[in-house]
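In the order they appear, the protein sequences are chains A, B and C. Counting from 1, position 43 in the first sequence corresponds to residue 510 in the numbering used here; the numbering is continuous, with no gaps. Counting from 1, position 171 in the second sequence corresponds to residue 229 in the numbering used here; the numbering is continuous, with no gaps. Counting from 1, position 90 in the third sequence corresponds to residue 1278 in the numbering used here; the numbering is continuous, with no gaps.
Source of the hints: derived by calculation from the structure; they are not laboratory data. Nothing here was measured: the structure is a model prediction, and the numbers come from that model. Keep in mind that a hint or two might mislead.
[What the hints assert, rightly or not] If you want a taste of the chain C side facing chain A, the calculated C-beta under 8 Å gives, among others:
1) I1232
2) F1235
3) F1291
4) S1293
5) P1294
6) V1298
Yeah, the Cβ is synthetic: ideal placement off N, Cα and C, and Gly gets one too.
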Amino acid sequence: MENLILELKEQIIEVLNLEGMTPEDIDENAPLFGDGLGLDSIDALELIVLMEKNYGIKLDDPNKGRAIFASVKTMAAYIQEHKK
Amino acid sequence: MKSLDSLNTVHIASDAILNSIGLSTAEVYESMKQLRSGSKAVSDYTLSEPIAMLSCIDKERFYSIFSTQDMELFSFFEQIQIYVIQEALKNTAIDPSQSDVLFIFSTTKGNIDLIEPKYMLDEPTEKIFLWNSAKRITTYFRNPNPCITISNACISGTQAIIRGAEILKSGKYNHIIVIGADCISPFVVSGFQSFKALSDEMCRPFDAYRKGLNIGEGAAAVILSKNIHTKPQIWGGNVTNDANHISGPSRTGEGLYRGLQKTIQGIDLHEISFINAHGTATPYNDEMEAIALERAGLQNIPVNSYKAYFGHTLGAAGIMETILSARALQNGEILASLGFEEMGVTTNINIQGSFGKSNKPFCIKTASGFGGCNGVLAIKKGGVYGI
Amino acid sequence: MEYKVVISQNQVFINNKLIFETEFTQDSVVFFKDLFKFLNLNYIKFFKMDPLSKLGFLASELLFQQIECENKEDFEIILACSSSSLESDIQFQSTINDPNNYFPSPSVFVYTLPNIVIGEIAIRHKIMGNNCMYIISPEEKDLFFDKNNAEYQTLDQKKYIKGYLDYYKNKYFAEFLLTINK
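Let the hints inform the model, and build the full structure from the sequences given.
Next up, the structure:
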């Protein structure tokens, strides 16, 4: 799980253009949206693409995304559970 | 636009539409009265979803009436514009090759299919540039003037009419031909699919169960001329920005509210027959419009959206929907907001569920787009004096 | 009151005076980042923007830094470009070309419209007024800026930014004017 979390942080930084951030800057328990990293609705959609592209997990209902993308930790847990 | 400039008035002298439910304004309007929708399920259009609801032009029908002689160098996107310009010019004495005629184009993606691998070498051809496409069309009509091309997302068409009216009032030209067009492409469909913004059924603007939009395609042209008092008048219009988010509309409808406020100044609200909204049937757009309408005090005025009839035609939408609204206004009619059954927005706006009648002299057209832009247009019925 | 910014070939001019310059061979996106740092800006949204939006954002930022203006709500933003969003268009197209690697990117798609740069400027400075994006050939730039020309006129001629910008394949140019007429 640790490796997955680190890997996810690196991918998130790259895919969402989080300039100047390193994985150490992201707290895996902190909220991704709202105040935390200030991600928005387009970022949420991009995370859906990330999950499908890198882990083969398809999320057809974007409303389920809220719970899954609450934090890096919840995202990692979901991936662990559903990875192909 | 300075609405109260009474020296010269701007009117829709003529118009033409081509879309999934008709080859002329009259045919489209009649199809709408019959509640016909051009949205059809198309399998495997892109790899994103198995089904996309697309509102496509019937190409076979189109080519049965449009001669492709001398059209080899024009793409489908350009041919449909040439067609509607020709149709709009019929029944007028306007000569597009004269220097007192200006062309204004409105499109979001133009010849975007030219960047598909099958057309691309190292570089896309010059035809990919919107200014190049527009220029070749005005050259076809032998017009001597530099033309204008507006690309301001989905408000382009509405804005092109507003700009046309403003330029006409400047006195430099006698006639302005405003054309809007966009075609369905894998580029556009897959883009909206990545936004999860598309519905897998006919779209349902303002409805509680709305799921998203239907992509459409089409071309529409209006010819704006001065002082033809029997024809619908472009009474006023404004463009604003939400200054909130590049793709999501403002939750308070700030930009649209300001545009509405500015445009309805000087109009007695009791004289507005209906408001034709942008109504794309996405959860956020329709809610934003509902909020803006209520904030502007317009919650009692009948509201409709035409998107279920022929889809969201992007760069053509503002022009197409203005033409149809002007026709309805002139006929003393209000078209039904197809796709609406159950109220699905949080303010108590008045959705026109079925076809209706009204003799009121004004209608309003609104549009909103990516980039936070909003366009609002006021149209006044022709042949109505003393108001 | 009028100010002019030109950004071109790794150089930045304000009212024809050179105020910033880097190596000519430098990559455009790296140049934009260096200019961003030079301006001492704290705005993380900048890094999500496509190059065209970054260019327009920086040009308008430079202009607004020349004036004191609390409330910019009524400013007009009237821009023109030639290549439209072609740079981002091609990038988005690349995410859908390969059926075995088909992943349309929403964050790229949103920039496949030339007017998004207006949105970015409006959001940054809370500008809610009239705005338009025209697509013109490079030869029409003078026509666009000609104040006597009805075609590209601003609505009120009171407070506006009028600018031409273009970005395609690492080549860029921006000429932006800020005008305040009392």
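Chain A contact restraint on V1298(C) - CB to CB distance below 8 Å
This interface hint holds because 6 Å falls under the 8 Å limit.
Supplied contact hint for S1293(C), tested at 8 Å Cβ to chain A
Since the shortest Cβ distance to chain A is 6 Å, the answer is holds.
Going by Cβ atoms only, is F1235(C) closer than 8 Å to chain A?
This hint holds: F1235(C) lies near chain A, its Cβ roughly 4 Å from the closest one there, short of 8 Å.
Please verify that hint: F1291(C), Cβ, nearest Cβ of chain A, below 8 Å or not.
Interface hint status for F1291(C): holds (5 Å vs cutoff 8 Å).
Hey, does the P1294(C) contact hint survive, CB to chain A under 8 Å?
4 Å, holds
Would the hint on I1232(C) be counted as holding, given a Cβ-Cβ threshold of 8 Å to chain A?
7 Å, holds
Consistency with the previously given hints is maintained throughout, with no hint failing.
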